[in-house]
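**Q** Listed here are the chains, written in short residue letters.
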Amino acid sequence: MMNKTALFIPCSVNLLLPWIGEAVDRVLKRLDVVSVYPDRQTCCGQMVYNKGFFNEARSFATHFLDVFESFDAVVCPSGSCTAMVKHRYPSLFDDDPKMKQRALDMAGRVFEFSQYLVDVLGVTDTGASFSGKVAYHDSCHLSRDLGVSLQPRTLIRAAQGTELVVLNNGDQCCGFGGEFSVSYPDISTAMVSAKAQSYLDSGADLLVVGEPGCLLNIGTYLEKNHPGKQVLHIAEFLDCQGGENGR
Amino acid sequence: MDVKTQSYVTEAKKEMASPASRTFLDFFLPVLSAVREIGMTSFPDPAAAVERARAIRRSSVDRLGELLETFERNAVKAGARVFWAENAHEANIYIRDLVNRHRIPYVTKGKSMITEELGLNEVLKKNQTPVYETDLGEFIIQLLEKPPFHIIGPAINIPTDEISRVFMEKAGMDSASTDPVVLGQAARNFLRDKFRHMRLGITGVNMAVAETGSILNVENEGNIRFNKSAPGIQVSVMSLEKIVPNLDDALHMTRMLCRNGTGQKLTSYVTLDTGPRKQGEKDGPEELHIIILDNGRSRIYDDIKTREVLQCIRCGACINVCPVFRQIGGYPYGWAYTGPIGKLLNPLLLGLDRTRDLYGACTLCKACKTVCPAGIDHPSMILYLRNKNLAADPVLQGEGSTFAERLMSKTAAFAATRPRTWNTAARLGSFLASKLGPCHPLVSAWTLKRTFPSLPPKTYRDLRKHP
Ligand code: SF4
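Protein chains in written order, with the numbering used here: chain A, 1 to 247; chain B, 1001 to 1467.
There may be inaccurate statements among the hints.
Unchecked claim - Computed Cβ-Cβ distance ranges for the label pairs, DEER-style:
1. A/D201 - B/D1045: 28 to 36 angstroms
2. A/R26 - B/N1220: 55 to 63 angstroms
3. B/T1160 - A/L31: 56 to 64 angstroms
4. A/T124 - B/T1160: 50 to 58 angstroms
5. A/S183 - B/G1437: 15 to 23 angstroms
6. A/S131 - B/P1438: 48 to 56 angstroms
7. B/L1432 - A/S183: 16 to 24 angstroms
8. A/D95 - B/D1302: 14 to 22 angstroms
9. B/A1425 - A/D201: 41 to 49 angstroms
10. B/G1437 - A/K100: 43 to 51 angstroms
11. B/D1248 - A/K29: 57 to 65 angstroms
What the hints assert, rightly or not - Simulated crosslink set (DSSO-like; lysine-lysine; CA at most 27 angstroms straight-line):
12. A/K229 - B/K1458
13. B/K1449 - A/K229
14. B/K1170 - A/K98
15. A/K224 - A/K133
16. B/K1435 - B/K1458
17. B/K1125 - B/K1004
18. A/K4 - B/K1465
19. A/K100 - B/K1435
As the list claims (entries may be wrong) - Covered stretches of chain B, as calculated for chain A (at least 3 residues, CB under 8 angstroms):
20. 1277-1290
21. 1319-1331
22. 1386-1400
Hints in this document: simulated from the structure, not taken from any laboratory.
Where is the CB? At the ideal position from N, CA and C, for every residue including glycine.
All chains, please: the whole structure from these sequences, using the hints.
**A** Printed below as a string of structure tokens:
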């Protein structure tokens, strides 16, 4: 039967930030969306792909298509995993027209979480409430790869009691970049400290991001250097009701 | 010019710790990017203008061979001499022999990254021919013996007191000053004298117009115009991708180049010249030599995946927006080209084996691709270079993968299609990672300025299955 929405949960969320997945579940439930979690899902393969192992990435892509192909929509709380499936998978099969077609068919049906809410469901107000100033960091893959930048802002603005404030250089990379963060720690931490500075300068009470990688990077940086300054995933934010963050 | 691409990490650390570089990088680069954006809005339809520019560059590169031949024919018809240089050595020898044949006492140069690529100054120096850089920025770094920091502003990061010091030491300035006007005047006094007696001037080329055989240069100082119009011999060096089909396209690309480079609609000087001085004309060189340089570009052209890099017009827009460049500046790139375009050109021209950090140190954020008026997809090409490096590509001089890398990727690919194995391995892997301890290099790299994330007791998968 093809009428269901499937959740694709990134490895980082599954292993390190499971509460983001739970927040996604709760928000979707609040909006009466029935979602399934296909049990056979593994990983999008971004890590090996970004290292340059294209052949190996093909196994990930093939498995992903096998697992998710039968769903109407696949929703993922990560811009980079979504972009991997949407934009990278088709390019992996330049020599295999049949697989390429399968990848292209999938590409039109995979959505990042906020994109799914706004563009597919037509939701703007999720019923979230958070009193305070919120700044939004445009993660690279969300904003430039998927063109998703208005959607999360729309959702944040609609939250009760929330004022969305400007984050200077908001679309500049936070310096995570997967392996980059540990291969070039000096450059990476200089980048994340610039991001944290913009957050501090913005006067916001909370920073919201749509990418688990950015969340880990910015979050652990803030924890060490500016304890008390909070960063939440957009799903966690939308899960907030009356200022609680659902953790 | 020396290749220092291998000291990327140490140079980067040095630059990040340098207060002078920091001030410049933190304040000036965002301003340059903002000015560019404002400049672009002066097009009636900026998006269409970008699309047209990308189409022009794509078709120019697609038709490269044919256009270059047309250019040569028309340039020769107009009286220019065209020399095809297979590599840097051939180009340098051609210029050196020209200098020696005509007993040229010294040469002057307009700003050109291509002659940095050639290492021409070193060759002429060995020939005991003094070279005077006449672009203010190039002049400053020549005196300081520093590499270019940025393709558009080679000395843009040098503080004025350092310029004052080196001008007093080497350019005849009498008293110290940090006033830009005074410094400019000092450079002008020194260089005017060189122009007055110049016999051979060297320039780069921003665009070579096939239809007319003309060469076009943009600049803000007028020194290129001097080098192109003063009597004697003019040598203009172009890498072969500088070709555009016709004047119409050249003008559109000029509008694009200026806006993307400096935010100007047009630079203060734009020179478009066809052939040397003709009878009855007042200025222009007596002899015009155009060197068309390959230096590895045919090889780049032959691979359909790397060919796109030849679309670049060297506007510098990608450099100004690059978040890595904004931290480390231009020196770590270790060769003629810096920023995202340097991450592609340096490895492609020098080989993957000695430029690993260039295509390695990238978060694939796509800021470069988004602004590029020439339609280059830098991140995709960076991934391609990583792939070729792992595959030990003989043409691009890839290093190959390590045993550990192969093991990791093969194991991961094996497990990716077997959910049970995948989940067990992922849990085990993250558990082991959480026990690595603070001294493990991966942990210490992460915790340099961050805390180590703790491992939650249950995965999302477990929670979902057994809430
Ligand atoms: S790659 Fe594009 S943005 Fe960068 S210098 Fe070349 S033309 Fe300009």
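**Q** Taking the hints in turn, state whether each one holds.
**A** Structure-based check of all given hints:
Under the hint 28 to 36 angstroms, the C-beta atoms of A/D201 and B/D1045, about 35 angstroms apart, fit the expected range. With their beta carbons about 58 angstroms apart, A/R26 and B/N1220 fall inside the hinted range of 55 to 63 angstroms. Between B/T1160 and A/L31 the beta carbon distance is about 59 angstroms. The supplied range of 56 to 64 angstroms therefore holds. Between A/T124 and B/T1160, the C-beta spacing of about 52 angstroms keeps the proposed range 50 to 58 angstroms intact.
The hinted window of 15 to 23 angstroms between A/S183 and B/G1437 holds, with their beta carbons roughly 20 angstroms apart. Taking 48 to 56 angstroms as the suggested C-beta distance range, the pair A/S131 and B/P1438 does not conform, at roughly 39 angstroms. Roughly 20 angstroms separates the CB atoms of B/L1432 and A/S183, a value that falls within the hinted 16 to 24 angstroms. For the hinted restraint 14 to 22 angstroms between A/D95 and B/D1302, the CB-CB distance of approximately 19 angstroms keeps it satisfied.
Between B/A1425 and A/D201 the beta carbon distance is about 42 angstroms. The supplied range of 41 to 49 angstroms therefore holds. Distance hint check for B/G1437 and A/K100: the Cβ-Cβ separation is about 45 angstroms, which falls inside the suggested range of 43 to 51 angstroms. Under the hint 57 to 65 angstroms, the C-beta atoms of B/D1248 and A/K29, about 59 angstroms apart, fit the expected range. Of the pairs offered as hints, the one joining A/K229 and B/K1458 holds, with about 26 angstroms between alpha carbons and a cut-off of 27 angstroms not exceeded.
At most 27 angstroms may separate the alpha-carbon atoms for a hinted pair to count; B/K1449 and A/K229 meet this at roughly 15 angstroms. Restraint check: the Cα-Cα separation between B/K1170 and A/K98 comes to about 67 angstroms, which exceeds 27 angstroms; the hinted pair is violated. Using a Cα cut-off of 27 angstroms, the hinted pair A/K224 and A/K133 holds, with the two alpha carbons roughly 22 angstroms apart. A hinted pair counts as satisfied when its Cα atoms are at most 27 angstroms apart, and B/K1435 with B/K1458 qualifies at roughly 16 angstroms.
Simply put, B/K1125 and B/K1004 have alpha-carbon atoms about 20 angstroms apart, close enough for the 27 angstroms limit, and the pair holds. Among the hinted pairs, A/K4 with B/K1465 is consistent with the structure: their alpha-carbon atoms are about 18 angstroms apart, no more than 27 angstroms. This hinted pair does not check out: A/K100 and B/K1435 have alpha carbons roughly 41 angstroms apart, beyond 27 angstroms. Proximity of the stretch 1277-1290 of chain B to chain A, defined as three or more residues with a beta carbon under 8 angstroms from a beta carbon of that chain, is not established by the 0 residues found.
Residues of the stretch 1319-1331 of chain B lying with their CB closer than 8 angstroms to a CB of chain A number 5, which satisfies the three-residue condition for coverage. Note: the stretch 1386-1400 of chain B has 5 residues with beta-carbon separation from chain A under 8 angstroms; the three-residue rule is met and the coverage holds.
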